[in-house]
Amino acid sequence: MGTNPVTWLGSPVFPKAARAALADTQLRRNLRKATHTIRDKRSKAVAELPDWEELRQAGEAIKDDVLSNLDTYLERIEAAVTARGGVVHWARDAREANEIVLRLAREAGTDEVVKVKSMATAEIGLNEALEAGGIRAVETDLAELIVQLGHDRPSHILVPAIHRNRAEIREIFRREMAEKPASDEPRDLAEAARRHLRRKFLSARVAVSGANFGVADTGSIVVVESEGNGRMCLTLPEVLITVMGIEKLVPSWQDLEVFLQLLPRSSTAERMNPYTSVWTGVTPGDGPQQFHLVLLDNGRTDALADQVGRQALRCIRCSACLNVCPVYERTGGQAYGSVYPGPIGAILSPQLVNDMHDKQAASLPYASSLCGACYEVCPVRINIPEVLVHLRAEAVEAKGRTPESVGMAALSWIFADARRYENAQKVGSLARHLAPSGRISSLPWPGSKWTSARDVPAPPAESFRMWWRRNRG
Amino acid sequence: MADARSVVLGRIRAALADRPAAREIPRSYDTSRPLGDLVELAAERIADYRAEVHRAAVDDVPATISRLLAERGARRMVGPVDLPASWQVDGAEWLSDSPTLSIDQLDGADGVLTGCAVAIAETGTIVLDGGVAQGRRALTLVPDYHLCVVRSDQIVGIVPEALARLEPTRPLTFISGPSATSDIELDRVEGVHGPRTLHVIIAT
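Quick mapping for you: the protein sequence lines, in order, are chains F and U.
Just so it is clear: in the first sequence, position 188 is 188 by my numbering, and no numbers are missing.
Counting from 1 along the second sequence, just add 1000 to a position and that's the residue number in my numbering.
So that you can see chain F by itself, here it is in the shape it has in the complex (with noise of 0.2 Å):
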């Protein structure tokens, strides 16, 4: 098996991606800005709800059904779509879903194709893959379309250009558009994105989706979105390819009538996002009269079979655990290596990947302080600080013998017995020497691998338990 573009080639571990992101001030301005902006609207969005908790558990509940049943449900969905006239495809992996959507353009006679903002699309390299098969693929997300004119990656899952500011912005605009931006106010730039793109969307004869729900029983895609640059693309065009994780389904209709209040509050803050569109396979005389759906896995499966790590797959995109990151805030996106960043990313790329000796991936899981800040604000309940120690054992294990398990392994013997844990303590006293000051900032090796990122306080002089014995005992 290939890798899994899920993380970008070449991207170095999250430490040294880490620290050259703390270097650039400007980033750290933008995103602090950005994320402190978006919290406070989402604490007020979600506060209006009386019954905000119970829509948590619905969400939570549901979303297990659906991993719970997978089987059922996909066979369910792929009968209602079929029936409406729709035609659904399998990938097992990126390089199948990619030479499936590659194939359905050229059957259409198009060399450009417009699209949706898409995380399994982007998860899957699929511009990269059309491009190098002579389809050219147009992002009509105003952020999306921000990161493809900049040559630059996505950083958030919601917003892929949150690391650039207006006038960034203002300046990839003007070098890449026939008409330039007026100035670098939001609402001129918007405008500039508008004109850039209406020919193409009144034009277009292709489009490309992703999928924020699949209903299992009645076949409909919901498509959640803000512009208006979904609906064009999801009505226009003459064929509609929407490519959907396999784990996107709700069972039911009903279902959505939570999801349709978690997601919104907890992505942009709104009581509602400006525009959602529902569809069924075809509708005669309304939409794109040729739609195919793409089920992919890439790995979700893996993820499936991993007790623990599987509720990562309850995701719904909503991006709220990386607003309310202290890493996400500092880093952001781009040192994660992957189009899905922050304490989602760091628990749902390694999975995905499933190869815990690609460095890369296994450094994911410790981009994390464990404070719980995602935890409390996702809107599914996916334990996330859980999974990230779950995973961190595991990247261990993979490891086998080196100087952090063998350390683990003489730590458990060390505590295992009172005696040893004392003359651990006693030996370890001794090091306050190296610290006049009280912070120790560089031990010799091993101790080096932690003081290359932080400071040790200088260890007292006498144990709290030497301390009591002499005052106490």
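Source of the hints: derived by calculation from the structure; they are not laboratory data.
Source: prediction; values computed, not measured.
Don't take each hint at face value.
Below 20 Å or equal to it, Euclidean Cα-Cα: the simulated SDA-like pairs (lysine to any residue) are [stated by the list, open to error]:
1) 16(F) with 442(F)
2) 200(F) with 1102(U)
3) 41(F) with 1047(U)
Based on the hints, put chain U in the right spot on chain F.
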């Protein structure tokens, strides 16, 4: 070589070898909520998204349409084939979608007038389902101005009540304000690709 479909389904069955037990879905969230005067709330919430809201008695709807189109200077208006005749007021040329209007004709129009299927007061959302006085989806997408008439009996309180009224296999569009983006510094700006102006008449 096995086909992708059976491979993926086989992987799923193998992955679920531990047979995780099905749980009862806890549905203790609200399926309705006392929200007071729904017309009042809908008007407030729709306006919150920078859509302009006008209230009119049912008999005054045509006059309100006339006034709004005149104020905007909208002369070429698109209407679905079954748009009520009384809404097709004088002073504007009405382009009916029969025979089917081309994309360029839609793009050349000054606006579109429709009814709706359902409106959700709490979220300020209007839902179109291609039913009476709504037409196909392109009609409310390409013109830059959308004028929508909502009857007070079409307004429900919260999202679950709206979904219960809708038929999922119809093409549905949920609209909350004019098109918008938060993609630049997470700052909301109205007006991107969809209609940049949304006016709503609530008929009471």
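Going down the list of hints, with the structure as the test:
no. : hint                : verdict
1   : 16(F) with 442(F)   : holds (18 Å)
2   : 200(F) with 1102(U) : holds (15 Å)
3   : 41(F) with 1047(U)  : holds (18 Å)
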